[in-house]
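Residue numbers (numbering that gives the first Met the number 0), protein chains in the order written: chain A, 0 to 139; chain B, 0 to 139; chain C, 0 to 404; chain D, 0 to 404.
Among the hints, erroneous ones may be present.
What the hints assert, rightly or not - Here are the simulated lysine-lysine pairs, BS3-like style, with alpha carbons at most 27 Å apart:
1. C:Lys371 / A:Lys31
2. D:Lys308 / D:Lys398
3. D:Lys83 / A:Lys128
4. A:Lys41 / C:Lys371
5. D:Lys73 / A:Lys125
6. D:Lys187 / D:Lys83
7. C:Lys153 / D:Lys261
8. B:Lys125 / C:Lys83
Said to hold, decoys possible - Derived coverage of chain B by chain D (criterion: at least 3 residues anywhere in the stretch with Cβ under 8 Å from a Cβ of chain D; other residues may be distant):
9. 20 to 33
10. 73 to 87
If you are wondering where the hints come from, they were derived from the structure by calculation, not from laboratory data. We put the CB at the ideal spot given by N, CA and C, even for glycine.
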Amino acid sequence: MTVEQVQNEIIEEFSLFDDWMQRYEYMIELGKSLPLIDTQYKTDQNIIKGCQSKVWVHADMVDEKVIFTADSDAIITKGIIAILIRAFSNHSPKEILEANTNFIDQIGLKEHLSPTRANGLVSMIKQLKLYALAYQTQLN
Amino acid sequence: MTVEQVQNEIIEEFSLFDDWMQRYEYMIELGKSLPLIDTQYKTDQNIIKGCQSKVWVHADMVDEKVIFTADSDAIITKGIIAILIRAFSNHSPKEILEANTNFIDQIGLKEHLSPTRANGLVSMIKQLKLYALAYQTQLN
Amino acid sequence: MTLDLTKIRADFPILSRKVNGQPLVYLDNAATSQTPKQVIDVIADYYQRYNANIHRGVHTLSQEATDKFEEARKTVQDHFGIEKTHEIIFTPGTTHSINLVAFGFGSLLKTGDEVIVSALEHHANIVPWQMMCERSGAILRVIPMTDAGTLDMKAYDKLLNDKTKLVFVNHVSNALGTINPIEEIIEKAHAIGAAVLVDGAQACGHIKPNLQKLNVDFYTVSAHKLCGPTGVGILYGKEHWLKKLPPYQGGGEMIDEVTFEKTTYADLPHKFEAGTPNICGGIAFGAALNYMNAVGFEAIGAYEDELLKNATDRLSKIEGLRIYGETERKTAVISFNIDDIHPYDIGTLLDKMGIAVRTGHHCAQPIMDYYKIPGTVRASFAFYNTLEEVDQFVNGVQKATDMLR
Amino acid sequence: MTLDLTKIRADFPILSRKVNGQPLVYLDNAATSQTPKQVIDVIADYYQRYNANIHRGVHTLSQEATDKFEEARKTVQDHFGIEKTHEIIFTPGTTHSINLVAFGFGSLLKTGDEVIVSALEHHANIVPWQMMCERSGAILRVIPMTDAGTLDMKAYDKLLNDKTKLVFVNHVSNALGTINPIEEIIEKAHAIGAAVLVDGAQACGHIKPNLQKLNVDFYTVSAHKLCGPTGVGILYGKEHWLKKLPPYQGGGEMIDEVTFEKTTYADLPHKFEAGTPNICGGIAFGAALNYMNAVGFEAIGAYEDELLKNATDRLSKIEGLRIYGETERKTAVISFNIDDIHPYDIGTLLDKMGIAVRTGHHCAQPIMDYYKIPGTVRASFAFYNTLEEVDQFVNGVQKATDMLR
Ligand SMILES: Cc1ncc(COP(=O)(O)O)c(C=O)c1O
Ligand SMILES: Cc1ncc(COP(=O)(O)O)c(C=O)c1O
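Kindly produce the complete structure, drawing on both the sequences and the hints.
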């Protein structure tokens, strides 16, 4: 699947919920299924700032595809990063760099997040793209 | 005349005016006729605080009566102190100490003064009474 | 002396607002309290009728504003049982008040002098003193806390010695609600000749202290914690202390004479009130005290105790819930965690239900370090909260917990 | 681009009030400006709808208040042409802003370093530096003034040398209205590597400076001088300077981590915003800038020039009247005396006619010392004053003079 296809899939899933409660329940569920970061990478250097909670993200390249893993001490934050990872992980650096992030708005995630979390979300996306950029440079 | 008689005289004079303008004109006139303090007494020590303008007051005792003289760099302030001196000067320390100061309210002086000036007025009365107290102690 | 909650709640326009489609349940009063319309009206009236710069002004507006501002100072004096009006300094708030005193002591203390802080402090009552110690060479000693969230008073006794110059402690801990035994702390400090600063920021919305009786040397308050506006507070200081402390900020109002060669300073309180103060804020602060006194602090205290007891009892029944700060002497603050659920998750879900609580370290990291937690969920009540809101809150926590587990 | 005075005056409720039975003529705008209902409404709306403590709050009210406060910071940024949002520090006002910088330089300067002040300063831009010089051993040099009330720029050239570290000067003199040649002052200071602080308190109600173009290192503003509320202002500082300066006040918000052993500080702007700021004040400050920009600073400037010219021409005809500050480049401020009549007497009588002026030394004693006078009468105009008010003012001065002579 392309990044866009995964994103559409996520949009569709979220469209099934008609209240915020179900959305949050689903995010919590996603959080629990997050591909966890290896403890050795849970370093201060891998922390993303901008949330009350801590988020660690790590990226590997396997067969020219970027594989993201992550963790957070807060479960809702984990859910958010899980959604992002599902959309971006396992794609080529180029695809990730070019990927649109509109789907965030379309699943109503941003408007349902507090501004602090929304800022955190923006930082997270930035961080994922930065990793992709690093690997892209490596490939060139 | 007793202090009270002088005060009644002043109340009467002020009752003739029906607007603040005339009252102020009269005060300015009184200011110009203030029994001026001898320059040697215009010391920092004789300054009364509490006004934007400076007021110097001096007291002498002649024949067991307190004689006040004063000056100010602002003419309206001079008018105010002139009224007070007219009421209190040339009386025994005891009379001064016992004197009522209600006449101030009755001539509408206080309500026509800004609070800063009204505070200054209170300081001035206090100062005059303090001088009287000093001479009273001397007499005892 | 019971409170008419319907009447009281009608005074607070914000309480009828909705959040995320739900009626607002505001339980973040320890961060800032809400403002009754009586105070909002005073603010609007100021700007509509007599806004002017104060002191030294000859014109009527300036005189009126000065009168009202000084009247507010008198209101503060009466409320806190302060001996002299000029012992009250209007400041931008508690943080400023504490920094003013800490700055001053920086030049009064010398290397080797000791100052004592408590482990239960807000950063506002820690960091200024650390900065002061760095400048003066004084040493910072800490009264440790206990598991129950109270101060270890035996340890305090041992810390006191003839090098102790100053003790600073809050009246009530903002993170836990603990009411500290300040009477005892003050008495013992005075016995060895040390001065005491009590940070009253967290106490004053709930307790009406008499500062003269307390015999405290310095006391600080923020208006926004007791139904007043943001940006204003006071520093109370005993006259002889305020005379001894050097001026903090330079500027208009605080001087007597200025030449480029030499400047002399004005009398109290002006010496510490450089520049245009928060004039409207000071006046509205007075109005807030009047409002709260009309409600009555005894009634407020009794009612808040009831809210606290009710909420504590019911919350404690939630499995895995731990409350931090378990003493009888506390204000209506409940700081808690549930198992290892992150406070931020609970706060987020409660917000979705219209319930406002605070999560995090509450600017009291040393307390969090003691319990080895990143933070807590803190619900803090005010006299305008209701038992129904306690219901909604407890149910909300249960629901959030069910979702997160 | 002419102003619709009827519409503008209707925005200011206070302007329709009476004083001593006369319609208010408010000519004390240099002390504090009046507040339009658009700003009063923003204040009331804050307390009625989203009053909450900001930053770190997870609940909706806190988020809304944070957003609005940060939006105000953006408004300030746009208005003053500031490069980076975090170069803006919200403070309680200009006095605090200057003290913050002066305190910081106290530890950056050393004995023998020189700092330059102008003779035209408000005490707020003198006393903090005197205190700083006392702490650091730096030497205070003064740019002298001329009879016309302007700075002696030749003398300035001579004062600058390789020991000069800092120059601080106001944009506009509050006592005289003189607009100082800050572009030239900044350029010349920079040429020898000195930093420049410009005190903009008195300028900002009349002039809209672009700080990036000015290339100034620090700039200070008080909201209450430009239709905003009391108790709030800003410090602008270039990022590299703000990074270099040590923190000023300790407390919540300004820290990264706190332990009793060691505290690390937060990033800009929080490093300098300890404690709960004047949240409502900051938001209302933004609203005041929006209001004034809607009126338009070009139109304001042109109109105020007209008021100034008219008042100056007519006032000059009064026998024995001397105006202090006679330069072409000035804001609408007229400082004057008449023969040796005490300013306080004139101010008192004007007040009785409903006319509000300020009398005294205007917190600028060095200027009064220069002219060897105890003070002046100062009439200061704003864009909501009218030519009819100029009439009433001039007639009032004539009448008072007649009474006092
Ligand atoms: C030139 C100047 N600087 C500084 C100040 C002090 O401002 P604030 O009192 O708002 O701190 C003023 C206000 O009078 C001023 O006119
Ligand atoms: C105990 C305590 N001290 C100090 C402060 C700081 O008060 P402010 O932010 O109003 O300066 C607070 C407020 O959170 C507090 O709770």
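Does C:Lys83 lie within 27 Å of B:Lys125 when you go C-alpha to C-alpha?
Measuring from Cα to Cα gives roughly 19 Å; hence the hint holds.
Is the Cα-Cα distance between D:Lys308 and D:Lys398 27 Å or less?
21 Å, holds
Does C:Lys371 sit within 27 Å of A:Lys41, going by the straight-line distance between their CA atoms?
Given that 27 Å is the threshold and the Cα spacing comes to 19 Å, the pair holds.
Given pair status - A:Lys31, C:Lys371, alpha carbons within 27 Å:
Roughly 24 Å between the alpha carbons, so the hint for C:Lys371 and A:Lys31 holds.
Regarding the pair D:Lys73 and A:Lys125, is the alpha-carbon distance no greater than 27 Å?
It holds: about 23 Å lies between the C-alpha atoms, which stays within 27 Å.
Has the given pair, D:Lys83 with A:Lys128, been kept, meaning a C-alpha gap of at most 27 Å?
Given pair D:Lys83, A:Lys128 holds - Cα atoms ~24 Å apart, limit 27 Å.
Verify the coverage statement for the region 73 to 87 of chain B against chain D, using a C-beta to C-beta distance below 8 Å and requiring 3 or more qualifying residues.
Satisfied; 4 residues make the cut.
Hint consistency between D:Lys187 and D:Lys83 [alpha-carbon to alpha-carbon, up to 27 Å]:
Given that 27 Å is the threshold and the Cα spacing comes to 25 Å, the pair holds.
State whether the coverage of the region 20 to 33 of chain B by chain D holds or is violated, taking the criterion as 3 or more residues with Cβ-Cβ distances under 8 Å.
Per the Cβ count (4), the hint holds.
Take the C-alpha atoms of C:Lys153 and D:Lys261, compute the straight-line distance between them, and say whether it is at most 27 Å.
Holds - the C-alpha atoms of D:Lys261 and C:Lys153 are around 26 Å apart, at most 27 Å.
Against the hints set out earlier in the document, no violation occurs for any number.
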